[in-house]
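Engineer: With the hints as a guide, dock the two chains, each given alone in a separate frame, to form the complex.
Residue strings, one per chain:
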Amino acid sequence: MNAVIGIFIKGFIIQQITLGLASFCTWVERKGSALIQDRVGANRAGTNFFVGDLLKTDVLVLQPLSFLARNIVLRPAFAVFRFLGSIGVINTLLNDAFKALFKEDFVPEGTSVFMHALGPFMAVFPVFLAFAVIPIAPDVTLFDTTIRFQVAEISTGVLFLLAMGSIAVYGVVLAGWTGNNKFSLLGALRASAQMISYELAMGIVFATIVLHFGTFDLYQIIEMQSGSILNWGVFFMFPTGFLCFLILFVVGMAETKRGPFDLPESESELVAGYFTEYSGMKFLLFWLGEFAEIALFSIVLSVFFFGGWNIPFLELPEGAWWAALIGHGVFMGKVLAFSVLQITIRWTLPRFRYDQLMSLGWKMLLPLSIVNLIVAAAWKLVS
Amino acid sequence: MSLPLIVLGALLIASALGVVLAQNPIHSALCLVVNLVGVACVFAALDAHFLAMVQIIVYAGAIMVLVIFVLMLLTIKEEERRLAGLFQLIGAGCMGAFFVVVVSREALQQFPVEQRTGESVVGSVEAVGRLLYTNYLLPFEAAGILIMAALVGAAMLAKTSYPRSGDATSSGSAIEGEGK
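Residue numbers (our numbering), protein chains in the order written: chain A, 12 to 394; chain B, 6 to 185.
Only chain B is shown next, with the shape it has when bound in the complex (with noise of 0.2 Å):
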């Protein structure tokens, strides 16, 4: 373990519990945007160039971007703070007891990690492209079609939404910043 991976395995864990307790939810949204791009780091330290960037492109730039949108746009009080019930207490102790068993066994057998040798070719461009157009083109063109659909219908909520006046105002995307 080198000291880079110790500064940002400390900072992966202080955001991941921010997200959980932070009041104020931007700033467990933001904690999380420091998460994603905390485990892209992560991706970049296992010479993983092609997943890093594309952790960063499309949670931490995507999606991230959109759902700190709607939290801005919406009048956010603080959370009030109130103690759980019984049962959820120990459900929830029970579910985060066995994921840290599960985890920690899986990780602790491996520990002792081998030092890689030479390029790791696990997460190049060529290796991810060549898994997903042979190995798993089905389901990379399911998906594909998935995104498809939720696209389209994306565009035909907002369009109901909006009824059109005489001029061209509405553009009908699904991105609209100021409707009329």
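Just chain A, same shape as in the assembly (with noise of 0.2 Å):
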């Protein structure tokens, strides 16, 4: 029963941990694309918070109240929310997320409400059931127990995070086909297959990953990574891991639909792609999960070529607790930078033509990860 309660609060610490990437990434992704495109942003909502007459009294005995209230509760609070205001962070998950909650939702006519409502619910889900196997911090040893921070403590991390890549077409093949219009319906079809062609790359970048490593469980991966900075995983994989790693990040940017891949959902031909005929909340579910996969696909690049939440050539000690806290901070900052990376290459990339994906997957990133996996076989045969 213990270890069942302990899986429930490991399993919403790490979705809050999630919900918190994303929105962090949503923030980026206003803010961010604001400052590159040399436009102010998001920076109206919140601002207009001041003290005034608030909680203001005539009563005598109720002064010192309100002065405590007034001055070390109020001013301070509205100082911070004016300031988030003032950088969008109100107006991004905030006010978006009301208007959303509140905004009507739209069922096209001709299809069926139940599998429209499947679309969003499945282009989240596996996204947020990869989370599970990912191990977000140290061991921690506390009061003679060791709890690991990880959901499901399976020996097949690796090729789990590939299953949930599959299953996450299903939710964009259905949004498409329950749209009733020929835009989601093209929109479905080019997303779908861009995912198929991508993934192959991916899986093949994966065996080389495992042959290297010799294991596909994600903790050990990471454990094999501690020490020197030449453990990382980018050093580690002499011959290959650079090429693996420029491999895995473009996949990641195609398989996320996003950059210069975001085909499917482009404005200029297809009016949203996919998601056309999706209104208030089920539209921001897949913006969801689509930030969440950016956060997932840079915790997938940190965890096996830059070392997790090893720091080079500092040795944190084993199961204390404070050091599985710096631990899991220097992770999250990996997680942060890559997440930033991707969202900086998607505003300052053009978009590709259908026909340049589609061999930029097949001819280029597909032969060069075969050819890179042999070449990893033989010079773990040779060494």
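Since the hints were derived computationally from the structure, they do not count as laboratory data.
One should not assume that every hint holds.
In silico DSS-like cross-links for lysine-lysine, where the CA-CA straight-line distance does not exceed 30 Å [to be verified]: (1) B:164 to A:193; (2) B:164 to A:374; (3) A:21 to A:114; (4) A:114 to A:42.
Computed list of chain B residues with no C-beta within reach of chain A, every gap over 12 Å [what the hints assert, rightly or not]: (5) 55; (6) 62; (7) 92; (8) 145.
Computed from a predicted structure; not experimentally measured.
Where a beta carbon is used, it is the ideal one built from N, C-alpha and C, also for glycine.
Structural biologist: This is the structure:
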């Protein structure tokens, strides 16, 4: 029973971290794109909160209380609120979510309501589920029990990530089909063809990684990268590591359907692609799934190539709670850096043409990753 | 039998019935997806994590996506109900009864399942890999050649059906989103 409760608590914590990362990506997307394009961006909502006459009272007895409430509670709170508003956090995270909640939930004619609702669900669910195998901090030993910050301690974590990636196609396909118009269907076709094509290269890169580390367990992969910076995946998988990283980065951008690969939702041709017919919270769920995918891919990159929570040349004591906290901070720092990099690329590069996208996947990345795998196997055999 | 396994079994039976009984082909395809994922869950419950993952990646993630892909491109009408002929009914009934008898006999013989102790090694990555590269090396390689031949054939079919125009529009891949 204790184990079940523990799993629920861990699941709750990791889900909150996922949502936090997704919100961070949303904010960077809104405000960062404004910075990149020399716009002002979101800065209006939440900036007109001033203390003014609030909580002022004529009753003499209550005056000290009123003074405390005004100056200790309200003034700092409003200052923080105004600051958050001025950098666009209130606008992107609070106002837009409320707006979406109260919008009309539109369902197009001639389609099943259940299937229409299943689309956004299936777009979010696999991504959130994939976080279950991610260890987010080193083990902690408290009162003689070792706690591992991983919901599902399965030995095939790498394969689980692949499996969830392949399930994620259903959300897009269902959304495009239930949209009941040509733009949605075209967007869904493009998205699923793109995701299936790039999944192959991703699978082969994962095989190369597993070949080098000799395990499918994500926790063990991170543990093997402790110590010197030369133990980080990029250097550890010596002849092939950097190419693996490059291929997986490009594939990640394509799998999240973003960056120069956002043909499924290209607004100049397809309105909004597969989620054209969605409004309100369902529309927002697609974006939530997309931003969670960005965070997931950043986590995958930092786990496989950049040592997870390991700090080069610095050994943290095993099992101490503060070491786990520092490790978690370092891990999340790497993840945030990769998320920002992905969003920056999305706002910098123009969109591919569809045939360019397909030939990049099938004629460049796939052969390159296969050659990479063969080189890695040969190197493993020789050394 | 623990509660999660009972729920899983009910889900499996319901989704399997859904595959057969649903009138809309897309609905039955989605029921099949649920069924395949449920089987993967059974594998996972038996500690065969590798088999579970491969079940999801290959069947639910690749094959069923393509099936649904094709179903959505066709304009599908709701299937009309029609009564099967007498001989069809008798044949199907006999087959079904035979199958039920065989399976339930096998299952009942081993029903009081002993509690497994320790780590199961049947479905682990190491066990499957060792078997594939020792006892079953020849069938494994033969399957590889078969798949390779199918791949080349698919590429050839896709190539000939698209006459190449002047500019480099057709990538010649098996999956072509919008054939120009």
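Engineer: Take the hints in turn and mark each one as holding or not.
Structural biologist: Hint check results:
1. For the suggested pair residue 164 of chain B and residue 193 of chain A, the alpha carbons sit about 26 Å apart, so the restraint of at most 30 Å is met.
2. A hinted pair counts as satisfied when its Cα atoms are at most 30 Å apart, and residue 164 of chain B with residue 374 of chain A qualifies at roughly 15 Å.
3. Restraint check for residue 21 of chain A and residue 114 of chain A: the C-alpha separation of about 33 Å exceeds 30 Å, so the hint is violated.
4. Simply put, residue 114 of chain A and residue 42 of chain A have alpha-carbon atoms about 24 Å apart, close enough for the 30 Å limit, and the pair holds.
5. The claim that residue 55 of chain B is not at the interface with chain A is violated, since a C-beta of that chain comes within 12 Å of its own (minimum 6 Å).
6. Against the 12 Å criterion, residue 62 of chain B falls within the reach of chain A, whose nearest CB is about 5 Å from its own CB.
7. Distance to chain A confirms residue 92 of chain B as a non-interface residue, since its nearest Cβ pair spans about 36 Å, more than 12 Å.
8. For residue 145 of chain B, the non-interface assignment is confirmed: its Cβ lies about 16 Å from the closest Cβ of chain A, beyond the 12 Å cut-off.
Going down the numbered hints, you'll see the structure goes against 3, 5, 6, while the others check out.
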